[in-house]
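Protein chains in written order, with our numbering: chain A, 1 to 129; chain B, 1001 to 1155.
Just so you know, these hints were derived from the structure itself, not from any lab.
No experiment lies behind these values; they were computed from the predicted model shown.
Where is the CB? At the ideal position from N, CA and C, for every residue including glycine.
Hints may contain errors.
Below, a sample of chain A positions facing chain B; criterion: calculated Cβ distance under 7 Å [said to hold, decoys possible]:
hint, residue
1, PHE71
2, ASP72
3, GLU98
4, HIS103
5, THR108
6, ALA110
7, HIS115
8, ALA120
9, GLY123
Lysine to aspartate or glutamate pairs mimicking EDC-like chemistry, simulated, CA-CA at most 20 Å apart [said to hold, decoys possible]:
hint, chain 1, residue 1, chain 2, residue 2
10, A, LYS46, A, ASP114
11, B, LYS1038, A, GLU98
12, B, LYS1038, A, GLU86
13, B, LYS1038, B, GLU1152
14, A, LYS54, A, ASP114
15, A, LYS54, A, GLU124
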Amino acid sequence: MRRQRASGPHARLLAAACLAVALCGVGGCTIVHRSAGAPLPDGVGKLEIGRTTKAQALASLGPPASVRRQFDGDLMFWRRDELNSETLLLIPLIPIYERTTGHSDTDTLALLFDHAGLLAGVGERRDIH
Amino acid sequence: MSDANAPARTPQTRLAHRLGLTVACALLPCCSGAIYSKFDFRTGQPAQDGTLAASLSARVPDADSPGARGAEPVSKATVLSVLGPPGEVLPLAAGDVFVYRLRLTDVDVINLNTSIFTGIIVPIYARIDGRQRDRVLSVQFDASGRVTALSEATP
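Pulled out of the complex, with its shape left as it was, chain A reads as follows:
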């Protein structure tokens, strides 16, 4: 008995579809996670506007990442940056499609000190989850 092959148009279409899916499925994914700076210090709640001195804040929170001189005092920043990106690369035979999405988030604490060295204002923002 002669062996018969499934070579109808449906079988060929199915084979072509499987091949297309397999080829498109070849790819890669790159995930980049980068962070800079130390996590924001705890103890912000202990700070009191008009009472906490610059020396007390430094002792409690550690050294700031940056200091900006202002006309009405000094602005100190504690900061942590995080960069996240994901790249999807599809390589059927050659790299054809690449998509990268990313975002950078920042946790920042800013303390404003007046000329007398007393805490005048606090700004805090936490975007890193």
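Starting from the known structure of chain A, arrange chain B on it as the hints suggest.
Chain B only, in chain A's frame:
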């Protein structure tokens, strides 16, 4: 089971199919040695809460009629507590500016070349479409740390 409706495959058609496939594979890197790349990136601080900015704006005294708006001046400490730490601090001749900026970058790149096939980069076609949108809120202070102007720009 044979398909009676299937077209007959003569040796010539088989040869033509193989030849076509070979030519297509050979030309593919040249034609679609293309890399399509898309980049979406967000940097800076998320969009400011419009209500917070609006409430702050309402308290900023009008330069033309100082008594008309804002019973009391808005201090730098208030701005810090309402809007959070600024992304940038710019010095002025007699004051400072806090800048809050959200930047959205969107780039599409189409790059056709022969590098993968030949090992030599021969550019065929390249196109880069880039868009950068900034949402900026700037708060200007005088030398005593009081808000004198507040402006917002959205894409």
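These are the hints, each one checked on the structure:
The restraint placing PHE71/A at the interface with chain B holds, with a minimum CB-CB distance near 4 Å, inside the 7 Å limit. Hint status for ASP72/A: holds, given a least beta-carbon distance of 4 Å to chain B, under 7 Å. Restraint check, GLU98/A versus chain B: the minimum CB separation of about 4 Å is within 7 Å; hint holds. Checking HIS103/A against chain B: minimum C-beta separation of about 4 Å stays under 7 Å; hint holds.
Of the supplied interface hints, the one on THR108/A holds, with its beta-carbon coming within about 4 Å of a beta-carbon of chain B, less than 7 Å. Given the 7 Å rule on beta carbons, the hint for ALA110/A holds: about 4 Å separates it from the nearest Cβ of chain B. At about 11 Å, the closest approach between the beta carbon of HIS115/A and any beta carbon in chain B exceeds 7 Å, and the interface hint on this residue is violated. Taking 7 Å as the C-beta cut-off, the interface hint given for ALA120/A holds, the closest approach to chain B being about 5 Å.
Residue-level restraint check for GLY123/A holds (minimum Cβ-Cβ distance to chain B is 3 Å; threshold 7 Å). About 18 Å separates the Cα atoms of LYS46/A and ASP114/A, which keeps this hinted pair within 20 Å; it holds. Simply put, LYS1038/B and GLU98/A have alpha-carbon atoms about 6 Å apart, close enough for the 20 Å limit, and the pair holds. With a C-alpha separation of about 12 Å, the suggested pair LYS1038/B and GLU86/A falls inside the 20 Å cut-off, and the hint holds.
Using a Cα cut-off of 20 Å, the hinted pair LYS1038/B and GLU1152/B is violated, with the two alpha carbons roughly 29 Å apart. For the given pair, LYS54/A sits about 9 Å from ASP114/A by alpha-carbon distance, which is consistent with the 20 Å threshold. With a C-alpha separation of about 17 Å, the suggested pairing of LYS54/A with GLU124/A holds against the 20 Å cut-off.
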